[in-house]
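Protein chains in written order, with the working numbering: chain X, 1 to 113; chain A, 1001 to 1112.
Hints are computed from structural coordinates only; laboratory data are not their basis. Note that the structure is a prediction, hence the values are computed from the model and not measured. Do not rely on the hints blindly, as some may be mistaken.
FRET-style restraints, in silico, Cβ to Cβ [what the hints assert, rightly or not]:
(1) Ala2(X) <-> Ser1049(A): 15 to 25 Å
(2) Lys62(X) <-> Asp1078(A): 22 to 32 Å
(3) Gly1054(A) <-> Lys62(X): 33 to 43 Å
(4) Ser1040(A) <-> Glu85(X): 45 to 55 Å
(5) Lys1111(A) <-> Gln41(X): 17 to 27 Å
(6) Asn1053(A) <-> Ala20(X): 37 to 47 Å
(7) Ser1082(A) <-> Gly3(X): 12 to 22 Å
(8) Lys78(X) <-> Gly1041(A): 42 to 52 Å
Mimicking EDC-like on lysine to aspartate or glutamate, the simulated pairs with C-alpha atoms at most 16 Å apart in a straight line are [as the list claims (entries may be wrong)]:
(9) Lys44(X) <-> Asp1083(A)
(10) Lys44(X) <-> Glu1005(A)
(11) Lys1042(A) <-> Glu1107(A)
Think of the CB as a built atom: it goes at the ideal place given N, C-alpha and C, for glycine as much as any other residue.
The residues making up each chain are set out below.
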Amino acid sequence: EAGVAQSPRYKIIEKRQSVAFWCNPISGHATLYWYQQILGQGPKLLIQFQNNGVVDDSQLPKDRFSAERLKGVDSTLKIQPAKLEDSAVYLCASSPRRGDGYTFGSGTRLTVV
Amino acid sequence: QKEVEQNSGPLSVPEGAIASLNCTYSDRGSQSFFWYRQYSGKSPELIMSIYSNGDKEDGRFTAQLNKASQYVSLLIRDSQPSDSATYLCAVSFYNQGGKLIFGQGTELSVKP
Chain X
1 EAGVAQSPRY
11 KIIEKRQSVA
21 FWCNPISGHA
31 TLYWYQQILG
41 QGPKLLIQFQ
51 NNGVVDDSQL
61 PKDRFSAERL
71 KGVDSTLKIQ
81 PAKLEDSAVY
91 LCASSPRRGD
101 GYTFGSGTRL
111 TVV
Chain A
1001 QKEVEQNSGP
1011 LSVPEGAIAS
1021 LNCTYSDRGS
1031 QSFFWYRQYS
1041 GKSPELIMSI
1051 YSNGDKEDGR
1061 FTAQLNKASQ
1071 YVSLLIRDSQ
1081 PSDSATYLCA
1091 VSFYNQGGKL
1101 IFGQGTELSV
1111 KP
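Next comes chain X alone, as it looks inside the complex (with noise of 0.2 Å):
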């Protein structure tokens, strides 16, 4: 079966500029995550979509980040306007179902300079 497909691979912006990932799940996965990784930590959720709705974006930097999920399928995370902080790989993964063990997408690395 086909992975997790993420794109882009690598990415490097401005502070203050925009940025977007996007991903396709594993087909038939109903469970989409964003997740953020700093070097040197786990990865940290930043949303939860189950089919194309929202079931957690508690930890989601609403005024920056948005997040959509159409037609339960493939998904984007937007960035804008970026900080410093920001700089991080970005990792996409999709289950069969809540609380199944995730696949994960190859990441997005993010350097905000």
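With chain X fixed as given, assemble chain A onto it according to the hints.
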């Protein structure tokens, strides 16, 4: 108090030894437990899942769960240099929508 805690390491073991990685969690309403392996510059890869008390073995890996002590561990037998990576413990909680909460990871180094 962090919800999922791991020793950050690094943990260094000689090739062929048993590596023991530990994880504690704070919420008794926990549901499922996972170990992920993450090589430098790569994304996490699921290597073990465990749902009930006791041991679960898969090849050289054994996961151990003790819900009363809120403790989960991963043993790697006959450690190989290719096992050198960061190991992430993840827990899903009944009252948090099934999302996985990750520890900070333990860096394992297996010396030839």
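How the hints compare with the structure:
The hinted range of 15 to 25 Å is satisfied by alanine 2(X) and serine 1049(A), whose Cβ atoms lie roughly 21 Å apart. In this structure, lysine 62(X) and aspartate 1078(A) break the distance hint of 22 to 32 Å, their C-beta atoms being roughly 48 Å apart. Roughly 42 Å separates the CB atoms of glycine 1054(A) and lysine 62(X), a value that falls within the hinted 33 to 43 Å. As the Cβ distance of serine 1040(A) to glutamate 85(X) is approximately 22 Å, the hint placing it in 45 to 55 Å is violated.
With their beta carbons about 25 Å apart, lysine 1111(A) and glutamine 41(X) fall inside the hinted range of 17 to 27 Å. Range check, asparagine 1053(A) to alanine 20(X): about 44 Å between beta-carbon atoms, so the 37 to 47 Å window is met. With their beta carbons about 21 Å apart, serine 1082(A) and glycine 3(X) fall inside the hinted range of 12 to 22 Å. Checking the proposed 42 to 52 Å range against lysine 78(X) and glycine 1041(A) shows it is violated: the Cβ atoms sit about 25 Å from each other.
Between lysine 44(X) and aspartate 1083(A) the CA atoms are separated by roughly 24 Å; this puts the pair beyond 16 Å, and the hint is violated. A C-alpha spacing of about 13 Å is found between lysine 44(X) and glutamate 1005(A), which places the hinted pair at or below 16 Å, so the restraint holds. The hinted pair formed by lysine 1042(A) and glutamate 1107(A) meets the criterion: a straight-line CA distance of about 14 Å does not exceed 16 Å.
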